[in-house]
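Chemist: Each chain, written out:
2 protein chains.
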Amino acid sequence: MKLTKETKILIIGLGVMGGSYAKALTDKGYSVKCITRESSDIRYGLEHGMICYGTTEVEPDLVSEAEMVIFALYPGAFIKWIEDYQHLFSKGTVITDVTGVKSEVVYKIQGILRDDVEYIPAHPMAGRERSGVEFADPSVFNGANYIVTPTEKNTLEAIKLCKALGEELGFLRISELTPHAHDEMIAFLSQLTHIIAVTLMNCNDSEDLEKYTGDSFRDLTRIAKINDRMWSELFLMNKTALLTEMDRFIEEFTEFRNYLANGDGKRMREKMRSSSARRTLFDKPVK
Amino acid sequence: MKLTKETKILIIGLGVMGGSYAKALTDKGYSVKCITRESSDIRYGLEHGMICYGTTEVEPDLVSEAEMVIFALYPGAFIKWIEDYQHLFSKGTVITDVTGVKSEVVYKIQGILRDDVEYIPAHPMAGRERSGVEFADPSVFNGANYIVTPTEKNTLEAIKLCKALGEELGFLRISELTPHAHDEMIAFLSQLTHIIAVTLMNCNDSEDLEKYTGDSFRDLTRIAKINDRMWSELFLMNKTALLTEMDRFIEEFTEFRNYLANGDGKRMREKMRSSSARRTLFDKPVK
Numbered sequence: 001m002k003l004t005k006e007t008k009i010l011i012i013g014l015g016v017m018g019g020s021y022a023k024a025l026t027d028k029g030y031s032v033k034c035i036t037r038e039s040s041d042i043r044y045g046l047e048h049g050m051i052c053y054g055t056t057e058v059e060p061d062l063v064s065e066a067e068m069v070i071f072a073l074y075p076g077a078f079i080k081w082i083e084d085y086q087h088l089f090s091k092g093t094v095i096t097d098v099t100g101v102k103s104e105v106v107y108k109i110q111g112i113l114r115d116d117v118e119y120i121p122a123h124p125m126a127g128r129e130r131s132g133v134e135f136a137d138p139s140v141f142n143g144a145n146y147i148v149t150p151t152e153k154n155t156l157e158a159i160k161l162c163k164a165l166g167e168e169l170g171f172l173r174i175s176e177l178t179p180h181a182h183d184e185m186i187a188f189l190s191q192l193t194h195i196i197a198v199t200l201m202n203c204n205d206s207e208d209l210e211k212y213t214g215d216s217f218r219d220l221t222r223i224a225k226i227n228d229r230m231w232s233e234l235f236l237m238n239k240t241a242l243l244t245e246m247d248r249f250i251e252e253f254t255e256f257r258n259y260l261a262n263g264d265g266k267r268m269r270e271k272m273r274s275s276s277a278r279r280t281l282f283d284k285p286v287k
Numbered sequence: 001m002k003l004t005k006e007t008k009i010l011i012i013g014l015g016v017m018g019g020s021y022a023k024a025l026t027d028k029g030y031s032v033k034c035i036t037r038e039s040s041d042i043r044y045g046l047e048h049g050m051i052c053y054g055t056t057e058v059e060p061d062l063v064s065e066a067e068m069v070i071f072a073l074y075p076g077a078f079i080k081w082i083e084d085y086q087h088l089f090s091k092g093t094v095i096t097d098v099t100g101v102k103s104e105v106v107y108k109i110q111g112i113l114r115d116d117v118e119y120i121p122a123h124p125m126a127g128r129e130r131s132g133v134e135f136a137d138p139s140v141f142n143g144a145n146y147i148v149t150p151t152e153k154n155t156l157e158a159i160k161l162c163k164a165l166g167e168e169l170g171f172l173r174i175s176e177l178t179p180h181a182h183d184e185m186i187a188f189l190s191q192l193t194h195i196i197a198v199t200l201m202n203c204n205d206s207e208d209l210e211k212y213t214g215d216s217f218r219d220l221t222r223i224a225k226i227n228d229r230m231w232s233e234l235f236l237m238n239k240t241a242l243l244t245e246m247d248r249f250i251e252e253f254t255e256f257r258n259y260l261a262n263g264d265g266k267r268m269r270e271k272m273r274s275s276s277a278r279r280t281l282f283d284k285p286v287k
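So the protein lines, in turn, are chains A and B. First residue of the first sequence? That's 1 in the working numbering, and the numbers climb one at a time after it. First residue of the second sequence? That's 1 in the working numbering, and the numbers climb one at a time after it.
Any given hint could be a false lead.
No copy labels: a pair is met if it fits in one copy or bridges any two.
Unchecked claim - When the alpha-carbon atoms are kept at most 20 Å apart in a straight line, the in silico SDA-like pairs for lysine to any residue are as follows:
#1 K80 <-> N204
#2 K211 <-> R278
#3 K33 <-> K211
#4 K211 <-> I159
#5 K8 <-> Q110
#6 K2 <-> G132
#7 K28 <-> E104
#8 K91 <-> G265
#9 K266 <-> H194
#10 K8 <-> D61
#11 K163 <-> R114
#12 K266 <-> M230
#13 K91 <-> M1
#14 K163 <-> S64
#15 K33 <-> D116
#16 K163 <-> G214
#17 K239 <-> G263
#18 K91 <-> Q110
#19 K239 <-> N204
#20 K211 <-> A277
What the hints contain is simulated information worked out from the structure, not anything from laboratory work.
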């Protein structure tokens with residue numbers, strides 16, 4: 001299967017991410033349908049040109065006509081949906097997802113999925129700190145990373161299809177990682193950063209701090225506004241990798257703390273020069 | 001003394017902060033002169049309409065004619081300058097500064113300063129992660145906080161003058177704290193955040209991470225590009241307060257780590273709900 005404007009696309013879950021996918025694809029000329037829990041979200045999606053059809057029921061005909069199904073659910077809900085409804089897929093359907101952890105989800109779903117349906121996992125590395133379809137905004141994909149995490153069960157054709165989807169969505173960099181490498185990377189780049197932000201926000205409850213804050217504190221805590229249900233699932237599903245990163249962070253932080261306690265300006269400066277040099281690598285590419 | 005367009009203003013140190021002050025004041029119609037180390041910075045300041053005069057020498061006449069002197073030096077250099085040149089001030093001169101730590105600087109300088117010159121300390125809570133006059137930009141003051149940290153040695157007149165300066169520079173919120181309260185606040189809001197960013201940047205040197213990064217990691221490490229000489233001085237001058245904040249952070253972070261290790265999703269979610277609620281307080285005021 002190749003991705004064309006005629007490809008019948010079904011999105012499961014019209015939240016902030018499903019909505020952003022839907023809007024990006026509809027804007028490109030695709031016809032996008034969806035199944036989601038709340039009828040108010042369907043109304044919103046129709047009114048804002050995200051979808052051409054939506055329903056709160058898992059309509060058998062809708063699922064069986066779909067050629068590409070995109071899951072934008074919480075990880076646990078995604079697995080449950082597959083268990084409950086995979087019998088409705090037509091042979092040859094390709095499914096993909098937006099799930100932020102891979103190993104725990106990918107092997108489980110590929111393990112239970114029918115042999116005549118292919119699941120090609122992907123993770124769009126873009127998002128917003130708010131949840132809900134009203135915060136959907138496909139412009140967050142511009143300049144962002146899209147990662148496909150295939151396993152030995154995947155076909156080259158599906159990998160290509162999934163990458164083509166990432167391109168249509170507007171991602172800048174499309175790459176491939178194993179589920180395991182993805183999870184290690186995400187534990188550091190995304191999960192650890194969210195826990196740091198939450199910790200920073202919680203570790204000092206002095207009054208009136210907001211009166212004096214500068215931009216650095218705001219930047220470091222932007223993601224402290226967090227969807228607690230989704231992220232606790234993601235953290236628990238990536239526990240081993242995340243604990244490793246958290247322990248590395250504590251070790252490195254404690255080293256700096258001890259340099260300070262010892263009045264060792266020289267070593268603190270070395271750490272700062274190292275971070276300054278390395279941070280340059282991460283500057284956002286100018287489009 | 002009141003701040004008027006005729007007030008003779010002298011800035012010592014034309015770096016990113018001194019340059020931003022100079023530009024903001026010149027744009028408002030003040031005549032700003034400066035003393036700084038590099039003649040190339042003076043040329044830059046003259047060419048970019050920041051100053052009407054600059055010199056690399058501590059010219060006695062220039063210092064004695066100044067009514068308000070703004071120090072934009074590193075803390076140690078500021079103290080040394082006062083020791084070396086305070087005999088040049090005229091009686092009644094008011095001096096202020098931009099130094100990011102207060103107790104260690106304020107009491108030392110007020111302790112050695114002539115009785116007929118007044119030092120009213122201030123901290124503009126705005127900056128850029130780059131140093132040098134070519135990064136000066138007074139627009140960083142818009143929407144930002146400006147804190148005056150007077151002691152019992154200061155007069156009401158000088159406090160008012162210093163606040164008037166903050167207003168002229170374009171700060172949104174002008175407030176007053178004791179040097180001690182300022183240092184506790186800054187240890188948490190600014191110094192801790194910089195050390196977290198440096199730590200995060202240093203604690204994982206896997207290759208190619210930048211290929212996969214999203215905006216959260218970029219936001220949390222923006223300030224990992226850091227002026228190591230200035231910040232090591234600031235950290236060491238605020239060691240006690242900063243160690244307290246670092247230890248609180250480690251404790252809170254470790255608590256979350258242990259919830260994760262124990263698979264305690266409920267307690268992780270409580271932490272995230274608490275951080276989400278508290279973060280709302282820190283949203284930038286819309287002008």
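Chemist: Is the C-alpha distance from K266 to M230 at most 20 Å within one copy, between copies, in both cases, or in neither?
Modeler: Between copies only: 12 Å across, 42 Å inside.
Chemist: Is it within, between, both, or neither for K33 and D116, if the alpha carbons may be no more than 20 Å apart?
Modeler: neither (22 Å within a copy, 78 Å between copies)
Chemist: With identical chains treated as interchangeable, where does the CA-CA distance between K91 and Q110 reach 20 Å or less: within a copy, between copies, both, or neither?
Modeler: For K91 and Q110, the Cα distance is within 20 Å only inside one copy (15 Å; across copies 82 Å).
Chemist: Have a look at K239 and N204 and pick one of within, between, both or neither, based on CA distance no larger than 20 Å.
Modeler: Only across copies: K239 and N204 sit 17 Å apart there, 26 Å inside one copy, limit 20 Å.
Chemist: Go through the copies and call it for K211 and R278: within, between, both or neither, with a Cα cutoff of 20 Å.
Modeler: For K211 and R278, only the inter-copy Cα distance (13 Å) is at most 20 Å; the intra-copy one is 32 Å.
Chemist: Using 20 Å as the alpha carbon limit, work out where K80 and N204 are close: within a copy, between copies, both or neither.
Modeler: neither (39 Å within a copy, 35 Å between copies)
Chemist: Could you figure out if K2 and G132 sit no more than 20 Å apart (CA to CA) within one copy, between two copies, both or neither?
Modeler: neither (30 Å within a copy, 53 Å between copies)
Chemist: Can you give me the call for K163 and R114, within, between, both or neither, at a CA distance of at most 20 Å?
Modeler: neither (23 Å within a copy, 71 Å between copies)
Chemist: When no copy is specified for K163 and G214, does a C-alpha distance of 20 Å or less occur within a copy, between copies, both, or neither?
Modeler: between (40 Å within a copy, 18 Å between copies)
Chemist: Indicate which option fits the pair K33, K211 if close means a Cα-Cα distance not exceeding 20 Å: within, between, both or neither.
Modeler: Result: close neither inside a copy nor across copies, 46 Å intra and 32 Å inter.
Chemist: Up to 20 Å between alpha-carbons, please classify K266 paired with H194: within, between, both or neither.
Modeler: between (30 Å within a copy, 17 Å between copies)
Chemist: First find the shortest C-alpha distance between K211 and A277 inside one copy, then the shortest across copies, and answer within, between, both or neither for a cut-off of 20 Å.
Modeler: between (32 Å within a copy, 17 Å between copies)
Figure legend: structure checked against the earlier numbered hints; hints not met, in rising order: 1, 3, 5, 6, 7, 8, 11, 14 and 15.
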